[in-house]
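J.: Here is how the chains run, residue by residue.
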Amino acid sequence: MMNERLGRALAVLAFGEKRKAGDGGAVSAGRDETVGMLRERLRELEASGTEGRSVSGLPDKGCAQDPVFMEENADFFLDYLMGSGPRHACPGLIRHINDCYRCFEIYSDVMRGYVLERGSAVERR
Amino acid sequence: MKDVPLQELLESCCDAQAARWEAGWSEFIRRYKRFIYQMVARTCVSWNAARLHKQLSETIDDIVSDVFILLCENHGRVLHGFRAKDDERLFLAWLATVCRRKTSRHILRHFSSKMVDAEAGEIPGIVSSIDVERRWELYEHLVGLCRSSAAKNKLFMERDILIFFLYTWADFSTDMIQLLPCLDHIGHRVVDNTVNRMRNSLNRSMMKEVER
Numbered sequence: 000m001m002n003e004r005l006g007r008a009l010a011v012l013a014f015g016e017k018r019k020a021g022d023g024g025a026v027s028a029g030r031d032e033t034v035g036m037l038r039e040r041l042r043e044l045e046a047s048g049t050e051g052r053s054v055s056g057l058p059d060k061g062c063a064q065d066p067v068f069m070e071e072n073a074d075f076f077l078d079y080l081m082g083s084g085p086r087h088a089c090p091g092l093i094r095h096i097n098d099c100y101r102c103f104e105i106y107s108d109v110m111r112g113y114v115l116e117r118g119s120a121v122e123r124r
Numbered sequence: 000m001k002d003v004p005l006q007e008l009l010e011s012c013c014d015a016q017a018a019r020w021e022a023g024w025s026e027f028i029r030r031y032k033r034f035i036y037q038m039v040a041r042t043c044v045s046w047n048a049a050r051l052h053k054q055l056s057e058t059i060d061d062i063v064s065d066v067f068i069l070l071c072e073n074h075g076r077v078l079h080g081f082r083a084k085d086d087e088r089l090f091l092a093w094l095a096t097v098c099r100r101k102t103s104r105h106i107l108r109h110f111s112s113k114m115v116d117a118e119a120g121e122i123p124g125i126v127s128s129i130d131v132e133r134r135w136e137l138y139e140h141l142v143g144l145c146r147s148s149a150a151k152n153k154l155f156m157e158r159d160i161l162i163f164f165l166y167t168w169a170d171f172s173t174d175m176i177q178l179l180p181c182l183d184h185i186g187h188r189v190v191d192n193t194v195n196r197m198r199n200s201l202n203r204s205m206m207k208e209v210e211r
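In the order they appear, the protein sequences are chains A and B. When we follow numbering that gives the first Met the number 0, the leftmost residue of the first sequence carries the number 0, and every step to the right adds one. When we follow numbering that gives the first Met the number 0, the leftmost residue of the second sequence carries the number 0, and every step to the right adds one.
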C-alpha cells in the first residue's frame, strides 16, 4: 500500500498540477505532504545534477542484500518517471526486475498507483 | 540388519545383489521413513500447500514416494553420492535437503501448471494462496522457464517476460502496461500476443521438464 501511495503521489506531481486549483480538496493532506516532499527532492536532484544517476546503482542481477534496490528508493522513481536519463537504462532495468522478485513487487505496486492516478487525472482534464 | 552402522546400511541399499538390497531397504525404511515424511510435510506446510487440489496427506504421500524413487533408482546412485557415511547427523541433514528440494520441485511444478492453465484474472488469487515467504521461488522458477523456452528468440525476451508477469501476476491491464515508461512504445496488440506466446512457451517448457 505504501508503494502504491508513492506511485499516486508521483502521478500527482507529474500530471496533477493542472487540476489542483479546481480539485485540490480531493487530494488528501497526507498526499499533499508526500507530493511536497517529492517536489522538493526533485528540485534538489535537478539542482545537483544527479538526475539520472540513481539507476546507476542498479545491480546487474537480483538484489543480493536487504534492503533491495527499489525499497524506499523514491529517488529512483523520480528519475525513472521524471528524469531524462533512466529510459536509456530500460533494458537493464527490465532484466533486473525479472531477476529480483522483491523489486518486481515494489515496481508493480508503485507503477499501479502511478498509472491509476495518471488515468484518473487524464480523465478529469 | 537392525544394528548395522550407517555405512554398511547405505552400501546394502546400493548393492546389486537382491537379498542384501532388500534387507538394506527394509531397514532404511524402518529407520528413516518417519523422518522423510516429517521433512516433506513440514516443507509442504511452509508452502501453504494445503491449497493444492488434493488432500495434503495425498500430496505428502506422492512426494515421499518420489523421494524413495530418487534414492533407489540407478542402484542408489544418489545415496552413493553421499560421502560422510560414518556420520549419522550429517546424513540426516543431507536427507532433509533432498526432501526439501523434491517437495519444492513438486509444488513449483504444480503451481506453474496451475498458473499456465488459469485465466489471467485468477492468477493473483493463486499467488496470494502461496505463503509470502515462498512466492519468490515460484517467480524465479517461472522466469527461468520463460528464459529457457525463449532461447531462440532473445531479442524481446526480457521485455516479454516483464509484460507477462505484469499482466498475469500483478493484474495490470493492457492500458496500464502501455502507460509504463519502459513499455510506452509497444503496439496495441503486443500485450495480448506476448501473453499468449509466453503461455505457450511455458507449457512447452513444463512438458520438457516433466519428460526429463
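Errors might be hidden in some of the hints.
What the hints assert, rightly or not - Pairs of lysine to any residue residues, derived as SDA-like cross-links and limited to a Cα-Cα distance of at most 25 Å, are as follows:
hint, chain 1, residue 1, chain 2, residue 2
1, A, K60, B, F155
2, B, K153, A, C89
3, A, K60, B, R76
4, A, K60, B, D85
5, A, K60, B, L107
6, A, K60, B, C71
7, A, K60, B, V194
8, A, K60, B, H79
9, B, K153, A, P58
10, A, K60, B, T193
11, B, K207, A, C62
12, A, K60, B, E132
13, B, K207, B, V126
14, B, K207, B, S111
15, B, K153, A, C62
As the list claims (entries may be wrong) - Selected chain B positions facing chain A (Cβ under 7 Å, derived; list incomplete):
hint, residue
16, V77
17, F81
18, V131
19, Y138
20, V142
21, G143
22, F155
23, R158
24, M175
Treat the hints as calculated values from the structure; they're not laboratory data. For each residue, glycine too, the CB sits at the ideal point set by N, CA and C.
J.: Does each hint hold? Answer for all of them.
T.: Status of each hint after checking the structure:
Taking the CA atoms of K60 (chain A) and F155 (chain B), the gap is about 18 Å. The hint holds against a cut of 25 Å. Between the alpha carbons of K153 (chain B) and C89 (chain A) the distance comes to roughly 16 Å, so the proposed pair stays at or under 25 Å and holds. Proposed proximity of K60 (chain A) and R76 (chain B) is contradicted: the alpha carbons are some 34 Å apart, above 25 Å. Of the pairs offered as hints, the one joining K60 (chain A) and D85 (chain B) is violated, with about 40 Å between alpha carbons and a cut-off of 25 Å exceeded.
For the hint linking K60 (chain A) to L107 (chain B), the alpha-carbon distance of about 22 Å falls within 25 Å, and the restraint holds. Distance restraint check for K60 (chain A) and C71 (chain B): the Cα-Cα separation of roughly 38 Å exceeds the 25 Å cut-off, and the hinted pair is therefore not satisfied. The straight-line distance between the Cα atoms of K60 (chain A) and V194 (chain B) is roughly 24 Å, inside the 25 Å bound, and the hint therefore holds. Only pairs whose Cα atoms come within 25 Å are accepted, and K60 (chain A) paired with H79 (chain B) is rejected, the gap being roughly 35 Å.
For the proposed pair K153 (chain B) and P58 (chain A), the alpha carbon gap of about 21 Å is at most 25 Å, so the pair holds. About 23 Å separates the Cα atoms of K60 (chain A) and T193 (chain B), which keeps this hinted pair within 25 Å; it holds. Pair hint K207 (chain B) plus C62 (chain A) does not hold up; C-alpha atoms about 30 Å apart against a cutoff of 25 Å. Under the criterion of a C-alpha separation no larger than 25 Å, the hint pairing K60 (chain A) with E132 (chain B) is consistent with the structure, at around 20 Å.
For the hint pairing K207 (chain B) with V126 (chain B), the CA-to-CA distance comes to about 24 Å; that is within 25 Å, so the pair holds. With a C-alpha separation of about 13 Å, the suggested pair K207 (chain B) and S111 (chain B) falls inside the 25 Å cut-off, and the hint holds. Between K153 (chain B) and C62 (chain A) the alpha-carbon distance is near 23 Å, which keeps this suggested pair within the 25 Å criterion. At a threshold of 7 Å, the smallest CB-CB gap from V77 (chain B) to chain A is about 29 Å, leaving the interface hint violated.
The beta carbon of F81 (chain B) comes no nearer than 30 Å to any beta carbon in chain A, farther than 7 Å, and the hint placing it at the interface is violated. Hint status for V131 (chain B): violated, given a least beta-carbon distance of 10 Å to chain A, over 7 Å. The beta carbon of Y138 (chain B) is positioned within 7 Å of a beta carbon in chain A (closest approach about 4 Å), and the interface hint is therefore held. With 7 Å as the threshold, the beta carbon of V142 (chain B) comes within range of chain A, its nearest partner Cβ sitting at about 5 Å, so the hint holds.
About 10 Å separates the beta-carbon of G143 (chain B) from the nearest beta-carbon of chain A, more than 7 Å, and the hint is not met. A hinted interface residue such as F155 (chain B) counts as satisfied when its beta carbon comes closer than 7 Å to some beta carbon of chain A; here the least separation is about 10 Å, so the hint is violated. For R158 (chain B), the interface hint holds, the least distance from its beta-carbon to any beta-carbon of chain A being 6 Å, beneath 7 Å. With 7 Å as the threshold, the beta carbon of M175 (chain B) comes within range of chain A, its nearest partner Cβ sitting at about 5 Å, so the hint holds.
Checked against the numbered hints given earlier, the structure breaks hints 3, 4, 6, 8, 11, 16, 17, 18, 21, 22 and satisfies all the rest.
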